[in-house]
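Chain by chain, the residues:
There are 4 protein chains.
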Amino acid sequence: MDSDNNWRERLYVMIFQTDTVAGRRFDSTLLLIILASLVIVMLDSIDSVHKNYAPVLAGIEWGFTFIFIVEYGLRLYCSPKPLRYAFSFYGLVDLLAIVPGILALYYSDAQYLLIVRIIRMLRIFRVLKLSPYLKQANYLLAALRGSKQKIIVFLVSVSTLVTVFGTLMYVIEGPEHGFTSIPKGIYWAIVTLTTVGFGDIVPKTPLGQVVSSLVMITGYSIIAVPTGIFTAELATAMRGDSLKHDCPVCNKNTHEPAAAFCARCGNALFKKLE
Amino acid sequence: MDSDNNWRERLYVMIFQTDTVAGRRFDSTLLLIILASLVIVMLDSIDSVHKNYAPVLAGIEWGFTFIFIVEYGLRLYCSPKPLRYAFSFYGLVDLLAIVPGILALYYSDAQYLLIVRIIRMLRIFRVLKLSPYLKQANYLLAALRGSKQKIIVFLVSVSTLVTVFGTLMYVIEGPEHGFTSIPKGIYWAIVTLTTVGFGDIVPKTPLGQVVSSLVMITGYSIIAVPTGIFTAELATAMRGDSLKHDCPVCNKNTHEPAAAFCARCGNALFKKLE
Amino acid sequence: MDSDNNWRERLYVMIFQTDTVAGRRFDSTLLLIILASLVIVMLDSIDSVHKNYAPVLAGIEWGFTFIFIVEYGLRLYCSPKPLRYAFSFYGLVDLLAIVPGILALYYSDAQYLLIVRIIRMLRIFRVLKLSPYLKQANYLLAALRGSKQKIIVFLVSVSTLVTVFGTLMYVIEGPEHGFTSIPKGIYWAIVTLTTVGFGDIVPKTPLGQVVSSLVMITGYSIIAVPTGIFTAELATAMRGDSLKHDCPVCNKNTHEPAAAFCARCGNALFKKLE
Amino acid sequence: MDSDNNWRERLYVMIFQTDTVAGRRFDSTLLLIILASLVIVMLDSIDSVHKNYAPVLAGIEWGFTFIFIVEYGLRLYCSPKPLRYAFSFYGLVDLLAIVPGILALYYSDAQYLLIVRIIRMLRIFRVLKLSPYLKQANYLLAALRGSKQKIIVFLVSVSTLVTVFGTLMYVIEGPEHGFTSIPKGIYWAIVTLTTVGFGDIVPKTPLGQVVSSLVMITGYSIIAVPTGIFTAELATAMRGDSLKHDCPVCNKNTHEPAAAFCARCGNALFKKLE
Numbered sequence: 001m002d003s004d005n006n007w008r009e010r011l012y013v014m015i016f017q018t019d020t021v022a023g024r025r026f027d028s029t030l031l032l033i034i035l036a037s038l039v040i041v042m043l044d045s046i047d048s049v050h051k052n053y054a055p056v057l058a059g060i061e062w063g064f065t066f067i068f069i070v071e072y073g074l075r076l077y078c079s080p081k082p083l084r085y086a087f088s089f090y091g092l093v094d095l096l097a098i099v100p101g102i103l104a105l106y107y108s109d110a111q112y113l114l115i116v117r118i119i120r121m122l123r124i125f126r127v128l129k130l131s132p133y134l135k136q137a138n139y140l141l142a143a144l145r146g147s148k149q150k151i152i153v154f155l156v157s158v159s160t161l162v163t164v165f166g167t168l169m170y171v172i173e174g175p176e177h178g179f180t181s182i183p184k185g186i187y188w189a190i191v192t193l194t195t196v197g198f199g200d201i202v203p204k205t206p207l208g209q210v211v212s213s214l215v216m217i218t219g220y221s222i223i224a225v226p227t228g229i230f231t232a233e234l235a236t237a238m239r240g241d242s243l244k245h246d247c248p249v250c251n252k253n254t255h256e257p258a259a260a261f262c263a264r265c266g267n268a269l270f271k272k273l274e
Numbered sequence: 001m002d003s004d005n006n007w008r009e010r011l012y013v014m015i016f017q018t019d020t021v022a023g024r025r026f027d028s029t030l031l032l033i034i035l036a037s038l039v040i041v042m043l044d045s046i047d048s049v050h051k052n053y054a055p056v057l058a059g060i061e062w063g064f065t066f067i068f069i070v071e072y073g074l075r076l077y078c079s080p081k082p083l084r085y086a087f088s089f090y091g092l093v094d095l096l097a098i099v100p101g102i103l104a105l106y107y108s109d110a111q112y113l114l115i116v117r118i119i120r121m122l123r124i125f126r127v128l129k130l131s132p133y134l135k136q137a138n139y140l141l142a143a144l145r146g147s148k149q150k151i152i153v154f155l156v157s158v159s160t161l162v163t164v165f166g167t168l169m170y171v172i173e174g175p176e177h178g179f180t181s182i183p184k185g186i187y188w189a190i191v192t193l194t195t196v197g198f199g200d201i202v203p204k205t206p207l208g209q210v211v212s213s214l215v216m217i218t219g220y221s222i223i224a225v226p227t228g229i230f231t232a233e234l235a236t237a238m239r240g241d242s243l244k245h246d247c248p249v250c251n252k253n254t255h256e257p258a259a260a261f262c263a264r265c266g267n268a269l270f271k272k273l274e
Numbered sequence: 001m002d003s004d005n006n007w008r009e010r011l012y013v014m015i016f017q018t019d020t021v022a023g024r025r026f027d028s029t030l031l032l033i034i035l036a037s038l039v040i041v042m043l044d045s046i047d048s049v050h051k052n053y054a055p056v057l058a059g060i061e062w063g064f065t066f067i068f069i070v071e072y073g074l075r076l077y078c079s080p081k082p083l084r085y086a087f088s089f090y091g092l093v094d095l096l097a098i099v100p101g102i103l104a105l106y107y108s109d110a111q112y113l114l115i116v117r118i119i120r121m122l123r124i125f126r127v128l129k130l131s132p133y134l135k136q137a138n139y140l141l142a143a144l145r146g147s148k149q150k151i152i153v154f155l156v157s158v159s160t161l162v163t164v165f166g167t168l169m170y171v172i173e174g175p176e177h178g179f180t181s182i183p184k185g186i187y188w189a190i191v192t193l194t195t196v197g198f199g200d201i202v203p204k205t206p207l208g209q210v211v212s213s214l215v216m217i218t219g220y221s222i223i224a225v226p227t228g229i230f231t232a233e234l235a236t237a238m239r240g241d242s243l244k245h246d247c248p249v250c251n252k253n254t255h256e257p258a259a260a261f262c263a264r265c266g267n268a269l270f271k272k273l274e
Numbered sequence: 001m002d003s004d005n006n007w008r009e010r011l012y013v014m015i016f017q018t019d020t021v022a023g024r025r026f027d028s029t030l031l032l033i034i035l036a037s038l039v040i041v042m043l044d045s046i047d048s049v050h051k052n053y054a055p056v057l058a059g060i061e062w063g064f065t066f067i068f069i070v071e072y073g074l075r076l077y078c079s080p081k082p083l084r085y086a087f088s089f090y091g092l093v094d095l096l097a098i099v100p101g102i103l104a105l106y107y108s109d110a111q112y113l114l115i116v117r118i119i120r121m122l123r124i125f126r127v128l129k130l131s132p133y134l135k136q137a138n139y140l141l142a143a144l145r146g147s148k149q150k151i152i153v154f155l156v157s158v159s160t161l162v163t164v165f166g167t168l169m170y171v172i173e174g175p176e177h178g179f180t181s182i183p184k185g186i187y188w189a190i191v192t193l194t195t196v197g198f199g200d201i202v203p204k205t206p207l208g209q210v211v212s213s214l215v216m217i218t219g220y221s222i223i224a225v226p227t228g229i230f231t232a233e234l235a236t237a238m239r240g241d242s243l244k245h246d247c248p249v250c251n252k253n254t255h256e257p258a259a260a261f262c263a264r265c266g267n268a269l270f271k272k273l274e
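If you're matching them up, the sequences are chains A, B, C and D in order. Quick note on numbering: UniProt numbering labels position 265 of the first sequence as 265, and the sequence is numbered without any gaps. Quick note on numbering: UniProt numbering labels position 81 of the second sequence as 81, and the sequence is numbered without any gaps. Quick note on numbering: UniProt numbering labels position 62 of the third sequence as 62, and the sequence is numbered without any gaps. Quick note on numbering: UniProt numbering labels position 257 of the fourth sequence as 257, and the sequence is numbered without any gaps.
Hints in this document: simulated from the structure, not taken from any laboratory. All residues carry an ideal CB built from backbone N, CA and C; glycine is no exception. Treat the hints loosely; a few may be bogus.
What the hints assert, rightly or not - Here are the computed lysine to aspartate or glutamate pairs in the EDC-like style, where the Cα-Cα straight-line distance is at most 20 Å:
{"#": "1", "chain 1": "B", "residue 1": "Lys51", "chain 2": "A", "residue 2": "Glu71"}
{"#": "2", "chain 1": "B", "residue 1": "Lys204", "chain 2": "C", "residue 2": "Glu71"}
{"#": "3", "chain 1": "C", "residue 1": "Lys204", "chain 2": "A", "residue 2": "Asp47"}
{"#": "4", "chain 1": "C", "residue 1": "Lys204", "chain 2": "D", "residue 2": "Glu9"}
{"#": "5", "chain 1": "A", "residue 1": "Lys51", "chain 2": "D", "residue 2": "Asp200"}
{"#": "6", "chain 1": "B", "residue 1": "Lys204", "chain 2": "C", "residue 2": "Asp200"}
{"#": "7", "chain 1": "A", "residue 1": "Lys204", "chain 2": "C", "residue 2": "Asp200"}
{"#": "8", "chain 1": "B", "residue 1": "Lys204", "chain 2": "D", "residue 2": "Asp27"}
{"#": "9", "chain 1": "D", "residue 1": "Lys204", "chain 2": "A", "residue 2": "Glu176"}
{"#": "10", "chain 1": "B", "residue 1": "Lys204", "chain 2": "D", "residue 2": "Asp47"}
{"#": "11", "chain 1": "D", "residue 1": "Lys51", "chain 2": "C", "residue 2": "Glu176"}
{"#": "12", "chain 1": "C", "residue 1": "Lys81", "chain 2": "C", "residue 2": "Glu71"}
{"#": "13", "chain 1": "A", "residue 1": "Lys204", "chain 2": "B", "residue 2": "Asp246"}
{"#": "14", "chain 1": "D", "residue 1": "Lys204", "chain 2": "B", "residue 2": "Glu176"}
{"#": "15", "chain 1": "C", "residue 1": "Lys51", "chain 2": "B", "residue 2": "Glu176"}
Claimed, not checked - Short derived list, chain C residues pointing at chain D, Cβ under 8 Å:
{"#": "16", "residue": "Tyr170"}
{"#": "17", "residue": "Thr205"}
{"#": "18", "residue": "Leu207"}
{"#": "19", "residue": "Ile223"}
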């Protein structure tokens with residue numbers, strides 16, 4: 001049974017790690033299969049394709065689901081702590097990638113749930129040399145975390161603006177110009193404030209156009225706010241803020257980035273060599 | 001009467017403060033009621049809902065107005081300085097949240113004024129642990145205040161651009177392509193410069209399309225201006241947690257908040273009196 | 001004749017300067033008149049207004065032109081160096097504000113040229129306490145000047161992108177989907193790249209939609225470029241870059257913003273007081 | 001044969017360099033010809049022009065192709081290392097500018113390939129005093145290179161978002177509202193997320209409009225991400241005219257370009273060998 005354990009371990013290294021050649025090859029192949037399975041779902045949604053190739057595509061889809069079931073089984077089998085894997089983030093996602101394929105047998109609409117397989121694509125960062133990307137993602141996340149409260153303040157303000165402007169436009173323009181209800185007015189205000197401007201609902205009255213102009217200029221200007229918040233936080237996260245160095249006299253350990261003297265005791269932080 | 005005073009004081013703590021459990025619960029409940037009342041106004045504006053449930057919704061709306069009247073009365077009653085509350089920002093907003101409900105009895109359109117209740121939602125910042133949000137809002141406000149003059153210069157330039165381009169397009173395209181007047185041309189210029197682009201009015205002549213291209217590229221580029229202004233100011237405001245004091249020797253003017261000595265020249269920032 | 005000179009000088013102070021009460025009042029009144037004259041031009045362009053009030057509006061317009069002629073005459077009369085004024089920027093603008101009013105007698109379309117009067121509105125900065133605004137405008141101009149070359153590189157790249165994409169879409173979509181010529185394709189590419197998106201011309205073929213997606217994501221991403229350029233330049237312009245201080249030993253006069261020692265000779269820039 | 005070599009060398013200087021008057025004049029003329037040839041291609045694509053002037057334009061086009069053939073021959077002839085030129089970037093572009101003109105004899109659609117001549121316009125930077133522009137372009141490229149990984153993280157996230165939202169909208173809205181397939185849904189999601197908003201496909205169901213609002217607000221907010229990334233990197237790249245060298249005492253790692261001593265601790269940056 002020792003050779004069995006050995007085989008299981010080698011399988012584990014191949015499936016779960018990316019350091020070995022086999023591991024990288026396994027992950028790359030897996031990504032390609034996931035991508036192919038996504039493409040099949042998309043193709044199947046095109047009417048003309050569905051009419052002509054529905055059975056073929058369903059067969060291929062089944063093949064992919066089978067592959068993923070086998071893969072999931074192998075992961076459970078070779079994992080030293082199967083339960084831990086099963087309830088980890090990746091484990092749940094891997095399960096989610098299988099379920100809709102089985103559900104699709106009974107409810108044909110369930111196949112669109114297959115699109116959750118895209119989450120599995122996150123493994124792509126493991127293939128493209130993991131660590132530098134993660135570090136970059138960490139910078140971005142640090143910047144986002146640092147600006148969380150500012151962003152909530154911003155989103156609450158935007159929601160308020162959008163509600164007020166949407167109601168105003170509903171009252172001004174009325175149902176005959178497409179503003180059939182307050183929620184529709186709010187939808188319009190979001191479309192306009194974010195500068196998307198579909199044009200399915202547009203103001204017709206002069207007063208409505210004046211209010212619209214206000215909404216548009218507001219939207220055009222306040223985009224500066226999330227951008228400014230994020231940029232300032234990112235610059236801070238990248239600069240790494242303060243000088244870490246123990247003051248030789250008072251042991252104060254963080255200083256202004258360019259400090260030459262300790263701000264607490266006034267002694268030179270770095271000895272001048274004679 | 002001492003117990004009455006005591007009861008009033010406890011009511012005051014519950015209604016006006018958020019430090020106690022009761023106070024937080026009161027504010028949370030109030031927010032939910034405000035939200036519910038806003039949802040009712042919105043639902044009532046949808047035609048199909050209005051047709052079938054108008055009396056029910058009007059009744060619920062009345063209930064909410066009644067609750068707000070009671071709440072306003074209690075606030076006046078338990079406040080140590082009722083007049084001061086009545087004329088404070090929140091006091092006026094609380095009053096404004098009631099008036100349209102009563103007006104709606106006589107003028108049915110007045111009910112849309114109920115949307116001002118959204119301003120009461122600002123209390124949400126009191127529930128979500130007040131202070132850090134306020135500090136963040138202060139940063140944003142400081143950045144906006146710091147960039148006020150730059151923003152005025154920017155808005156005046158944009159207004160000028162929009163007027164000139166709007167008139168130009170009116171002359172070039174003329175009423176037969178939807179540019180029926182100069183104000184309409186200006187409205188179009190705003191829609192285009194802010195990159196909203198509804199598409200309700202579009203240039204048809206080649207020359208008009210050339211001018212439009214100019215407007216669009218201008219709009220696409222000058223969005224950099226408010227963003228740049230705000231970002232630079234925000235970065236300054238965020239850095240500004242620092243001690244503003246001219247070093248008597250080297251004139252370095254910002255220091256760590258607790259600095260006793262200048263980090264650049266090592267001299268004491270503040271003279272020690274003998 | 002001394003009293004005449006005196007009177008002329010007082011007129012000069014009132015018309016050309018904004019330090020005195022009379023001067024400010026004169027400039028404010030002038031701005032209001034300019035604004036009113038612009039509003040009249042705009043109103044006159046609205047068809048329903050024009051039909052009913054054309055003669056009245058023409059009369060008012062004439063009145064304004066008359067006022068501006070008188071004002072121009074007074075400026076020439078009281079200016080110590082009339083020719084210098086006449087050929088200054090403001091002098092030419094003031095003249096331009098009159099000419100179309102006279103031309104309009106012969107060519108009715110010329111009245112739209114009256115919109116050039118908006119340039120006179122620039123005087124508004126003189127009324128709103130001049131200097132801080134000018135300083136802010138200088139910051140903005142310094143930032144723009146500093147980024148001039150980067151902006152040219154950016155605009156050339158955008159023009160190239162737009163031409164290539166426009167031609168590509170013309171070949172892919174063809175005249176039957178609205179892309180009737182290469183210039184039209186370029187116009188579409190500008191509309192799309194700048195994220196305006198009128199929707200008057202939209203891709204219909206799958207390949208066209210793929211290329212469009214590329215254009216849109218490009219446009220969405222490269223807006224970061226002018227914003228980044230301008231923000232970085234503005235931050236530099238506002239920070240004021242370097243420490244100006246003569247090194248006591250080698251007289252090097254600019255240093256890193258936080259320098260404690262001279263980078264050329266290694267001596268302390270600021271004496272440490274014992 | 002010496003005079004022939006001399007003549008060839010002078011030709012080389014004129015054609016390949018921009019330091020001499022003749023060289024600048026040659027490059028300017030070439031740019032004008034390229035521009036003219038692009039304009040001809042564009043004009044020829046306009047239907048009404050094509051109908052009336054097709055033979056004339058084809059003739060002119062032929063003339064331009066002939067000029068470019070001659071120019072390419074001269075470049076090959078006078079270049080000291082013809083093969084090296086032929087396989088350089090500019091050499092290949094110069095060849096590409098000729099081929100479609102010849103292909104157009106057999107396939108009339110090939111003439112649109114002539115638009116690749118726009119790449120030759122890159123020579124414009126050589127005419128407008130080369131070096132400062134190249135330096136600026138280098139800054140931009142350095143900023144882009146520095147943010148490459150962050151941008152990949154960003155693009156992968158956007159692709160995921162767009163796929164998920166596109167599928168969701170296909171399921172919610174369905175073919176009867178224009179969302180005829182998942183790829184079409186993804187196309188719509190890109191149009192909306194990038195705030196282009198053509199308006200050719202718009203959500204009709206309330207649920208679809210709620211999801212759209214989410215997409216729009218996401219798109220409006222996350223534009224901050226590439227902008228923030230690029231701005232922070234550009235600021236770093238612009239600051240980076242500095243000397244990168246770890247101070248042996250305090251580890252300060254950037255210094256003025258000509259620094260001999262560390263501005264923070266005053267120690268010599270480089271050991272003096274005895």
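Each hint, compared with the structure:
1. B/Lys51 <-> A/Glu71: 56 Å, violated
2. B/Lys204 <-> C/Glu71: 41 Å, violated
3. C/Lys204 <-> A/Asp47: Answer holds: C/Lys204 to A/Asp47 is near 16 Å, not above 20 Å.
4. C/Lys204 <-> D/Glu9: Given pair C/Lys204, D/Glu9 is violated - Cα atoms ~54 Å apart, limit 20 Å.
5. A/Lys51 <-> D/Asp200: Between A/Lys51 and D/Asp200 the Cα gap is close to 25 Å, so the pair fails against 20 Å, i.e. violated.
6. B/Lys204 <-> C/Asp200: 10 Å, holds
7. A/Lys204 <-> C/Asp200: 18 Å, holds
8. B/Lys204 <-> D/Asp27: 37 Å, violated
9. D/Lys204 <-> A/Glu176: 17 Å, holds
10. B/Lys204 <-> D/Asp47: 16 Å, holds
11. D/Lys51 <-> C/Glu176: Holds, at roughly 17 Å.
12. C/Lys81 <-> C/Glu71: 16 Å, holds
13. A/Lys204 <-> B/Asp246: Violated, at roughly 58 Å.
14. D/Lys204 <-> B/Glu176: Distance of about 31 Å is beyond 20 Å: violated.
15. C/Lys51 <-> B/Glu176: 17 Å, holds
16. Tyr170: C/Tyr170 check passes; min Cβ-Cβ to chain D is 6 Å, inside 8 Å.
17. Thr205: 11 Å, violated
18. Leu207: At about 11 Å, which exceeds the 8 Å cut-off, the nearest Cβ of chain D leaves the hint on C/Leu207 violated.
19. Ile223: With a minimum Cβ separation of about 7 Å from chain D (threshold 8 Å), the hint on C/Ile223 holds.
Checked against the numbered hints given earlier, the structure breaks hints 1, 2, 4, 5, 8, 13, 14, 17, 18 and satisfies all the rest.
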